[in-house]
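Enquirer: These are the residues of each chain, in order.
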Amino acid sequence: MSTAYAVPTDLPPSTVKNAASLLRIVALSLISGAAIASRLFAVINFESIIHEFDPWFNYRATRVLAAKGFYEFWNWFDPTAWYPLGRVVGGTVYPGLMATSGVIYNILHAINLPVDIRNICVLLAPGFSALTAWSTYMFTKEMKDPSAGLLAAAFIGIAPGYISRSVAGSYDNEAIAIFLLMFTFYCWIKALKQGSALFGTIAAVFYFYMVAAWGGYVFITNMIPLHALVLVLMGRFSDRLYVAYSSWYAIGTLASMQVPFVGFQPVSTSEHMGALGVFGLLQIVAFGQLVRSHVSSQQFQKLLQVSVVVIGLLGAFAFAFLTYNGKIAPWTGRFYSLWDTGYAKKYIPIIASVSEHQPTAWPSFFMDLQFLIFAFPAGVILCFRELRDEHLFVIIYAVMASYFAGVMVRLMLTLTPVVCVASAIALSNLLDTYIDPTEPTPVEDDTKSESEASTVGTNGSNAPAAQAPSGKKIKKAAAAVNVSGSALSDFVAATKATESGSKVKKGIFGLDVRAVVVFNTIGLLAFFVLHCTWTTAMAYSSPSVVLASSGPDGSQHIIDDFREAYYWLRQNTAEDAVVMSWWDYGYQIAGMADRPTLVDNNTWNNTHIATVGKAMSSSEENAYPILRKHDVEYILVIFGGLIGYSGDDINKFLWMVRIAQGVWPDEIQESNYFTNTGEYRVDDRASKTMKESLMYKMSYYRFADLFGGGQGTDRVRQQSLPKVGPTLDYLDEAFTSENWIVRIYQVKKEDPLGRDLKSANAFSEGKKRKRGKPTSRRRALVQ
Amino acid sequence: MSPSSWRTLPFLLLVSVTSVFASSKSFENTAIVRTAELGGSVVHVTTTYAIKALDDGQKTYTVALGRAEREKTSFIEAKVKGSKEPLKIKERALDTSKDYHLVDITLPKALSTDKTLNLVLETVQTHATWPSPATAAQNEDQSLKYQTNLLILSPYKTSVQRTKVKTLSPRIISYTTPENAKDLTDKDVVTKSGATVTYGPYDNLPSSTNKEFIEKYQQSILIHYHHEQPVLEVLNLQRSVEVSHWGANINTEDKIDLYNAGPKLKGHFSRLQHQSQKYFNKLSAHVLPALTLHLPAGLSNPYYYDLIGNVSTSNIRIAPSVPKNKQGTQFSVLEIRPRYPLLGGWNYTFTLGWDLPLGDVASYDKSAGKYTVEVPIMTPLLGAVVNNAELSVVLPEGASNIEILEPFPALAKRTDIHKTYLDTTGRPRLTFIYKNLTVKHAESIYVSYKLSWVAHLKKPVAVSTAILGLFTLGMFVRRINLSLTPTRKV
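Protein chains in written order, with the UniProt record's numbering: chain A, 1 to 783; chain B, 1 to 490.
Any given hint could turn out to be false.
With a cut-off of at most 25 Å between alpha-carbon atoms, the simulated SDA-like pairs for lysine to any residue come out as follows [what the hints assert, rightly or not]:
1) A/Lys629 to A/Glu738
2) A/Lys68 to B/Thr349
3) B/Lys278 to A/Lys629
4) A/Lys17 to B/Ile480
5) B/Lys164 to B/Phe75
6) B/Lys282 to A/Glu738
7) B/Lys216 to B/Val160
8) A/Lys68 to B/Asp423
A short list of chain B residues far from chain A (calculated; beta carbon distances all over 10 Å) [as the list claims (entries may be wrong)]:
9) Lys25
10) Ser112
11) Thr116
12) Thr135
13) Lys182
14) Ala248
15) Glu253
16) Ile336
17) Tyr340
18) Ala362
19) Met378
20) Lys413
21) Asp416
22) Tyr421
23) His456
No lab work stands behind these hints: they were computed from the structure.
No residue lacks a Cβ here, since even glycine has one placed at the ideal position from N, Cα and C.
Isolated chain A (complex conformation) (with noise of 0.2 Å):
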């Protein structure tokens, strides 16, 4: 037996797999320390903050939590959220997240480690990424060896599409949940190749902490289903698929209707439907076996043709029944939408308003993914060749996620596991192929005692000897031999027969080859280090509360403008004076000023934040008695014309809009914000109803006035300003931000004298009007 190179040969082969095993605990810790290293950016370039917009209602959450314990968090009703109608809280929240926080907190201050709750809500993510990286490295090694799920969980530790949603600070249900997500599937795994009820009910048990970490949690209650569906239907029912998926669905069902956001749906709603419908035909199959081992076989045609049509029929006219009685809820809209792309702008704009519930861009794909995305359809290519019950996992799963992933941007991330898994079983094959120094010995047929001595020769890799064959011809033919008994595996098989009939010299022989490919998959291995790297560092690390900008020297400067409003909100503000806004920033006021807000990131009431849209988008006057009636003391915009920020109001407005024609098309029409020629316009040719909207008056309300008579411009839009901006009658401006980021404008009480502000307002100009030109009291105030 020749090698390429020179593999030591007197090594026991007890210490082959110590060392292996050492190794793979130190890679593992190592890619566990990469996973929370790299998602450091955001402290290190920022600090210890809570990010974006969700997270700042999960910290509050979790402060309850701490603060007052669970049952108080529990029982919580949170009065100013969705003022005057109030939020409970407790039975409208994904618990998991807050008390997973809440249980590291305790303990920590149990054993006196006094670690403040937001350096433990900012770094769950990081430390929770660790755990992913295992997880995903189990799962891998089910599916083909550990050496392929060390690659997995490397991938899955710095893949920017995970790390999008768990950077430290990015304190979202995402953060636990993906972990969550890998192992229950791992376990399901482990269950279904065993067969082992115990592993089922871990299984169950962290599908329950799934259900009370995030609403994905419906993946894995169709995935798993799916998954059984299709092994019956392939006709691999096996017993331990009955114990398995009986054992996990009873319980897990069960566990995850103690969640009180969930309640009854896991039997009420269409989205639970099919795994309760996959336990019955289980049942069924399962009785049917039993039946058939005590049946002759003719009859027990006969028997099962009737039943299948009689049980069938029966199964859905009851479904349809319960479904037109209101027993089962149909589907929702944000489940239709995950169809029809086009139906959530149609008839949700809520839903549509959210930039991460568009479709997914190609790019993007790349940005997240980078080379895994190419490497992706290998490995699950690779994953029919042997084609085992847990491939077949990973192949639906493939499938539905890539489906999923293309729908929403969100749901990039539940690709992203399967995406690493099957690249790192596709990656993994190619280094085993050509790492193995075996040198094929050049035979022209007989390809089963070439892969009878590959697996002789092979222990200077740390693959097991029986994976590791030498040739990919070989290694084909192995995986054939291996696996039977499915039709597919067969077919695979008979092409490979005929292929290696050619009498063709093949395998890898000598270093040159395997150099060639090795180093070539190494720097593609590299490059994806510095992608990810880069990627990790300039796209997802802002936390977008605190915006940076750099100087022409390269020097970083905060832009802070957020917090300054929300503390002055926070410090000089009557405590129970409401704050309206649009829903965007409804949590981070409720978490860092602590003042009411009449609509939130919750959405959970349409007519709620139409009736704001409606306030935003109206005139003055129509807006004024729809303030007053709220009891909004403030009103909070966002206005990036100054410094260029573009996520402002202005260009959130045309939603806002569209929300409150949704509700009131009488009162606002989309079309009459634009101009005549279709344009959306901030400058002299915005249309008059734009013009006198709150939103426009908010936002340029003595902008022009800063460039002291000269052309103001927007810096977002990129369009010059009417020299003369817009007057207020009913507001006045309270507050206004360094770099005029947030502008908060106070509501004004009702005239004294009982008339309308507006006249009133004319009245006191008028007076003045007599001592100069009109506009000589604004222009004073700037020289």
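Use these hints to put chain B onto chain A, whose structure you have.
Expert: The following block gives chain B in isolation, referenced to the frame of chain A:
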């Protein structure tokens, strides 16, 4: 009041009357000069008494403060002019029926007849001024009012006395011209030059701590002046100081609730106006854009954050550490900018903290086997008064025989146990409560304690025991076989 104290009251009165009577003859004031330096929330009043003993063996000199004045005063100190050593002071019980309040000063040595001495009484008044008008727009000036008594009362005869009121800027809007003081002087009753208003000199005043004199001559004077700096108040200051021997470190953390006590903002805040004022460097006096603090030299890891995170707008210049025996006035300078400019009536709360090497502030006395740590009560914030302060000093775990040396007594004190960073028995924590602290109170408490070497080892032993326990547990758990069937190799 209990019956017994009613019974003793006449006796007390008798004693006080006789003592006043006795002392009124024992001294004579050749001159009294009072200087009130008006600030925002803090007013420094320095009164110099040139005294002459009329009797032998006089050891106690009595000064009188107006009652309202005493209520505002948060700091009293008496010294012999030119000396640094403060004299012993004993305040008499506050008598609400009288308009004055007596303070006995023990002289360094008894004066014999016709011997003279110059005494300097320094007091600091807080919350003695108020903004007038009470509101000001963003571009308007800030003016304050201060009220005090015209005459300095004294139980002794006074040859000449005068009162000077100094402001920081010469822009004094108005001052009271006393009417009934004409017969006390043959010159102007009041003169103004620059930033100083002088009342007096008033000649040959009799002993004035009596009702007749006060009713006849005493009146209050009111100064209305421009103040060019924001009037700052620290509503609450919570300082916690943590001593760590393992880290050779002393951590100080201040939680500060800052309030702009100047005129409240009239109307609304306009960023446009603020930016143009700032551009032309013409910010109104009541707007506080930034603060400068003097922190100790040699500090490390300074931090400045508020309820919603780090505040990125700060600069620090850290001076190198000063060796303990060397005299050095070096300090690190911290410039902080609140998130938003602090206008009149606005609040801003924030937290400041820093570490210092323990060697800079602590020393070990070998003979007594005790450590002594110097803990400053506060970091003075220029011109600001601290309304309520709480200082807590956390000593290392196992510190015993704690002794405290205070520069002035705290309003309240308590000791409890504080548990942090893997503590088992907890650390002793001393808490001191104060009110109305000013720059004069920025002194240090000295805390000394014993710490045995066993106490030092407490933490590592506890932690290693816990970890060892975990490993042992793990060892047993691994060896327990719970499976029903004999395990087979997969």
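Enquirer: Could you run down the list of hints and mark each one as holding or not?
Expert: Okay, the hints, checked on the actual structure:
no. : hint                 : result
1   : A/Lys629 to A/Glu738 : violated, 31 Å
2   : A/Lys68 to B/Thr349  : holds, 24 Å
3   : B/Lys278 to A/Lys629 : violated, 39 Å
4   : A/Lys17 to B/Ile480  : holds, 24 Å
5   : B/Lys164 to B/Phe75  : holds, 20 Å
6   : B/Lys282 to A/Glu738 : holds, 17 Å
7   : B/Lys216 to B/Val160 : holds, 18 Å
8   : A/Lys68 to B/Asp423  : holds, 24 Å
9   : Lys25                : holds, 58 Å
10  : Ser112               : holds, 61 Å
11  : Thr116               : holds, 55 Å
12  : Thr135               : holds, 15 Å
13  : Lys182               : holds, 47 Å
14  : Ala248               : holds, 20 Å
15  : Glu253               : holds, 12 Å
16  : Ile336               : holds, 14 Å
17  : Tyr340               : violated, 5 Å
18  : Ala362               : holds, 23 Å
19  : Met378               : holds, 22 Å
20  : Lys413               : holds, 24 Å
21  : Asp416               : holds, 15 Å
22  : Tyr421               : violated, 6 Å
23  : His456               : holds, 17 Å
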